[in-house]
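Numbering (my numbering), first residue to last: 3 to 211.
Any given hint could be a false lead.
[Unchecked claim] With a straight-line Cα cutoff of 27 angstroms, these simulated DSS-like cross-link-like pairs (lysine-lysine) come out:
(1) LYS132 to LYS103
(2) LYS113 to LYS103
(3) LYS42 to LYS114
(4) LYS194 to LYS38
(5) LYS204 to LYS182
(6) LYS182 to LYS143
(7) LYS132 to LYS204
(8) LYS114 to LYS142
(9) LYS204 to LYS194
(10) LYS132 to LYS143
(11) LYS114 to LYS143
(12) LYS142 to LYS132
(13) LYS113 to LYS132
(14) LYS204 to LYS143
(15) LYS182 to LYS113
(16) LYS114 to LYS182
(17) LYS43 to LYS132
(18) LYS204 to LYS142
[To be verified] Pair by pair, the computed Cβ-Cβ distance ranges are:
(19) GLN77 to GLU116: 19 to 29 angstroms
(20) ALA83 to ASP200: 25 to 35 angstroms
(21) ASN44 to ALA83: 20 to 30 angstroms
(22) THR70 to GLU107: 26 to 36 angstroms
FYI, nobody ran anything at the bench for these hints, they're computed from the structure.
C-beta: ideal position from N, C-alpha, C; glycine also.
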Amino acid sequence: MCIRDRNNTYTPNYTQNNTPHYTPGFSNRIHDPEMKAAVKKNRRASRIFLLIFMPVPVIVAAIYALVTGEMELGQAIIGGAVVSGIILLINFLIGMNHSAKNSYEAVVIDKKCEYDHKTNDSTTNEYVYKTIVRTTDGHKKVIQETSHIPRSAYEYLQVGDRFRYHPQLAYPYEKYDKSKDGFVYCACCMAKNDLSGDRCHKCGVPLLK
Numbered sequence: 003m004c005i006r007d008r009n010n011t012y013t014p015n016y017t018q019n020n021t022p023h024y025t026p027g028f029s030n031r032i033h034d035p036e037m038k039a040a041v042k043k044n045r046r047a048s049r050i051f052l053l054i055f056m057p058v059p060v061i062v063a064a065i066y067a068l069v070t071g072e073m074e075l076g077q078a079i080i081g082g083a084v085v086s087g088i089i090l091l092i093n094f095l096i097g098m099n100h101s102a103k104n105s106y107e108a109v110v111i112d113k114k115c116e117y118d119h120k121t122n123d124s125t126t127n128e129y130v131y132k133t134i135v136r137t138t139d140g141h142k143k144v145i146q147e148t149s150h151i152p153r154s155a156y157e158y159l160q161v162g163d164r165f166r167y168h169p170q171l172a173y174p175y176e177k178y179d180k181s182k183d184g185f186v187y188c189a190c191c192m193a194k195n196d197l198s199g200d201r202c203h204k205c206g207v208p209l210l211k
């Protein structure tokens with residue numbers, strides 16, 4: 003049996019919502035100048051954070067070498083630089099995967115929650131949450147999430163849901179029909195908004211509706 007997190011924020015209500023002036027469909031606001039500006043702002047903030055964080059492994063390694071004396075300072079600096087390089091490479095690859103050109107449209111065809119047999123400690127209750135989808139070009143994809151991260155796909159998307167995946171957005175999943183939920187997540191700050199709203203109550207960016 004899958005264990006759900008008590009603090010889970012991805013809980014649809016599954017009741018038909020009679021929100022006035024709402025028509026099911028994908029939003030054109032993905033091309034809105036404000037939306038594009040917000041995406042650029044988020045990327046810029048991520049880059050600034052990365053630049054600030056990059057020297058940390060080198061500094062920590064140098065302090066460790068000076069305090070413990072178990073490693074030469076030069077070796078420690080080189081080791082820290084290697085770690086920083088790996089972090090930079092990972093972020094570069096993630097940035098490539100989050101490009102808008104990797105977006106797709108699909109329908110959820112199945113969902114599975116499985117125990118992660120790779121974990122050695124059975125008391126940790128590690129599960130893998132799989133959302134299986136079929137794209138419009140006929141390919142099957144598996145969105146895989148774990149107990150350690152918010153299960154934005156597994157909790158939000160239900161079997162039969164048609165959606166678009168926008169990898170450049172903070173919240174990348176846009177349902178075709180949001181009326182069953184009565185709410186919509188802000189694509190830029192992930193705040194939960196009532197479907198009757200037009201802009202995010204938290205960051206003010208136009209909602210994808």
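Here's how the hints hold up against the structure:
Proximity of LYS132 to LYS103 is assessed by CA-CA distance (about 23 angstroms); at most 27 angstroms being required, the pair is judged to hold. For the given pair, LYS113 sits about 26 angstroms from LYS103 by alpha-carbon distance, which is consistent with the 27 angstroms threshold. Our distance criterion of 27 angstroms between C-alpha atoms is broken by LYS42 and LYS114, whose separation comes to about 35 angstroms. Our distance criterion of 27 angstroms between C-alpha atoms is met by LYS194 and LYS38, whose separation comes to about 20 angstroms.
A threshold of 27 angstroms between alpha carbons decides the hint, and for LYS204 with LYS182 the separation of about 23 angstroms falls inside it, so the pair holds. Taking the CA atoms of LYS182 and LYS143, the gap is near 24 angstroms; set against the 27 angstroms cutoff, the hint holds. Between LYS132 and LYS204 the CA atoms are separated by roughly 30 angstroms; this puts the pair beyond 27 angstroms, and the hint is violated. A distance of roughly 14 angstroms separates the Cα atoms of LYS114 and LYS142; the hinted pair therefore holds under the 27 angstroms criterion.
Note on LYS204 and LYS194: the hinted pairing holds, with a Cα-Cα distance of about 9 angstroms set against a maximum of 27 angstroms. A C-alpha spacing of about 10 angstroms is found between LYS132 and LYS143, which places the hinted pair at or below 27 angstroms, so the restraint holds. Using a Cα cut-off of 27 angstroms, the hinted pair LYS114 and LYS143 holds, with the two alpha carbons roughly 13 angstroms apart. The hinted pair formed by LYS142 and LYS132 meets the criterion: a straight-line CA distance of about 12 angstroms does not exceed 27 angstroms.
Restraint check: the Cα-Cα separation between LYS113 and LYS132 comes to about 6 angstroms, which is no more than 27 angstroms; the hinted pair holds. A hinted pair counts as satisfied when its Cα atoms are at most 27 angstroms apart, and LYS204 with LYS143 does not qualify at roughly 32 angstroms. Between LYS182 and LYS113 the alpha-carbon distance is near 18 angstroms, which keeps this suggested pair within the 27 angstroms criterion. With a CA separation close to 22 angstroms, the supplied pair LYS114 and LYS182 stays within the 27 angstroms bound.
With a C-alpha separation of about 31 angstroms, the suggested pair LYS43 and LYS132 falls outside the 27 angstroms cut-off, and the hint is violated. The suggested pairing of LYS204 with LYS142 is violated, with an alpha-carbon distance near 35 angstroms, which exceeds 27 angstroms. Hint check: GLN77 to GLU116, Cβ distance near 43 angstroms, so the stated range 19 to 29 angstroms is violated. At roughly 48 angstroms, the beta-carbon separation of ALA83 and ASP200 lies outside the given 25 to 35 angstroms, and the hint is violated.
Distance hint check for ASN44 and ALA83: the Cβ-Cβ separation is about 28 angstroms, which falls inside the suggested range of 20 to 30 angstroms. A hinted range of 26 to 36 angstroms for the beta carbons of THR70 and GLU107 is inconsistent with their spacing of about 54 angstroms.
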